[in-house]
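Colleague: Below, each chain spelled out in residue letters.
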Amino acid sequence: MTGIEISAEKCVGCRLCIKECMFNAIEIKDKKAVINENCSLCGACVPSCKFDAIRIESDKKQETVDITEYNGVWVFAEQKRGAVSQVAFELLGEGRKLADALSVPLSAVLFGSNLQDEANKLIAYGADNVYYVDHQSVEHYNDESYTDIFVQLIKKYKPEIVLIGATTYGRSLAPRAASRLNTGLTADCTGLRIDPEKRLMLQTRPAFGGNLMATIICPDHRPQMATVRPKVMKPLEPDYSRNGEIIHPDVIIPADVKTKVLDSVQTVCETVSLTEADIVVSGGRGLGEAKNYALVEELARVLGGAAGASRAIVDAGWVDYSRQVGQTGKTVGPKVYFACGISGAVQHLAGMSSSDIIIAINKNPDAPIFKIATYGIVGDVLEVLPELIKKFRERLD
Amino acid sequence: MNIIVCVKQVPGTTDVKINKETNTIIRDEAEAIINPFDEYAIEEGVRIKEKVGGSVTVLSMGIPKTAELLRETIAVGVDDAVLLTDRAFAGADTLATSYTLSMGIRKLGNYDLIICGKQATDGDTAQVGPSLAEKLGIPHTTNVRKIEEIREGYIRCQRMTDDGYEVVEMPLPAVITVVKEINEPRYPSIKGKLKAKKYEVKTLNAEDIGANLNLCGLNGSPTRVIKTFTPVHEIKAEMIEGTAREQAEKLADKLLAMRFVKCR
Ligand SMILES: Cc1cc2nc3c(=O)[nH]c(=O)nc-3n(C[C@H](O)[C@H](O)[C@H](O)COP(=O)(O)OP(=O)(O)OC[C@H]3O[C@@H](n4cnc5c(N)ncnc54)[C@H](O)[C@@H]3O)c2cc1C
Ligand SMILES: Nc1ncnc2c1ncn2[C@@H]1O[C@H](COP(=O)(O)O)[C@@H](O)[C@H]1O
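Chains A and B, in that order, are what the protein sequence lines are. Just so you know, the numbering used here puts 481 at position 392 of the first sequence, and the rest follows in order with no gaps. Just so you know, the numbering used here puts 233 at position 167 of the second sequence, and the rest follows in order with no gaps.
Rather than coming from a laboratory, the hints here were simulated on the basis of the structure. Take every hint as true, because none was put in to throw you off.
If you want the footprint, here are the derived chain B segments under chain A, 3+ residues with CB under 8 Å:
#	region
1	160-167
2	188-195
3	216-227
Here are a few chain A residues that face chain B, going by a calculated C-beta distance under 10 Å:
#	residue
4	131
5	229
6	233
7	236
8	255
9	262
10	264
11	296
12	308
13	348
14	349
15	355
16	442
17	448
18	463
19	477
Every residue, glycine too, gets a C-beta built ideally from N, C-alpha and C.
Required output: the full structure, derived from the provided sequences and hints.
Modeller: Next up, the structure:
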């Protein structure tokens, strides 16, 4: 039987597993833990047991592929309006480490037309080769044709790892392709590593609203697929003297695509985009009221950066959702991040913890934000922000 | 137009708290809820039905208790609620979930449009919609914020992208996943609540939908969770003391000295 088994011999009824279970699925009966029908087999209880009493068993072997046939690390290089998205370079930086750990090549996959320069750029950023599908019909993203061609390539070249940016398109392409390939896909990974013995990719991602991190593997299916949000990984310094090969693979361009993109409209044209800015100044509920957000915007303007927000003030309607930083908002990784009147909930941290320097301004010295801050100011944002604006104005203008 | 809305039961806690001493989640007694994004999916289904006629069926794969939540959806205009429940479905990752849902949908048959939420708040993966469409062999569009036109065999909708939106058309049947911008879900009416009270949710098990047990639940899930841990951050902040003015002064000095903030 598939399921969780608790060894009655080993279980001492200590209740540790009950604390771990999110689903109220464990009860104590006759001083032993038993699993009830709420169990979703999430496995969280297994490592919680100090007595090795809990096991998760799957009885049937899945139909598996010969994983030894699969080799190499791939990065899907999303492109928009002829320019490769930044996240692809970030993934190449990470992919390089994985490929080196496995001693296998790193490849980028690029769809579009007239993108020779972009293909070269991918090599400069770490790719050993670029599979470049050069065709007018794939200039713009289309779920059907992109999935079709991408899967053709994966079946032909058999990469062991495929990384895709967790953009709108990436989060659509990746699950559709993984489903066609009947393989695993881990969304929004924040950490990727190789287990050198098993040659498996260890994929770490936030779970339960960011309160827990989970490490996930895909042992018996290939490729091992993961999406990663923009700004989570760091690109390498480009090196245009690097050698790499641009391969024009033979693919069948699907002729009868039913899904049609009739129009594509760009509406977001912030002066400095939040995700691209070197400096981000974010405000939270500590600002007290909506009008004080102007201080955050002013400091951002003086520093030539962008203004962000915590979800609390987005939900309160003070600012637009497009400014939200965090797990359910944007991920940013600027050189300097200011958290002004933000408590530092895990979900907020999930969107900014990779910033180089984090400055926290909060009147509560015990606010969790100070735990990840580089510099902390215990104080009232309504006093400190005007002073900061003044200081930077004096020095910068 | 026959519409199937996929809904998932998720933990009702919006703020999961961690016990600092034991590093474990403090279980909130708060009950389970329907994934908030799926409420928009239900509302959109009901609106389409009200406009062009047809029926709305909600479908979920979950534990037996999910039936109570599904029953409540009858109150906002849903016609039928079906729960796929079986021990064999437990432990499913998004691939196995999609497979099971696809078998349930095949069993229901005769559908034009399948609506999913953008993502479920327990895992935030947003994978089931596209993966399900693939298992059914029909097209999909994610992040739909508006349906411009829908009729027999045809849908045209607006999909939110990272920097704007695009207009996409597809033949039906198809899958869409919806964002919360698409509508404002209604409250149940008194009449609806009475109807819901009397309604009996249909349940189907693995055998009923003809599911291959190797492809369901834990057996059918290529991914495995091998470890969970609480995130730790080790950087220790350098605290800047003084009056507000002094603090601002010192911080500005530091940042300017590091040349992260440059003079224009
Ligand atoms: C599934 C899920 C997803 C989520 N996604 C996100 C997300 O993407 N992004 C996000 O930000 N949140 C997200 N949240 C919400 C998150 O848990 C917090 O509720 C939110 O980040 C809190 O915002 P805040 O820090 O502005 O408000 P609060 O937690 O209320 O903190 C306000 C802070 O301001 C300080 N303060 C008050 N007055 C002053 C003053 N005058 N001067 C200085 N400091 C002051 C207080 O000490 C406090 O630390 C999510 C939650 C869940 C459950
Ligand atoms: N167990 C399930 N039963 C029914 N629908 C589901 C289930 N899991 C996911 N979905 C649907 O898929 C969407 C995306 O979920 P997820 O991929 O888990 O983020 C949800 O909003 C639901 O519409």
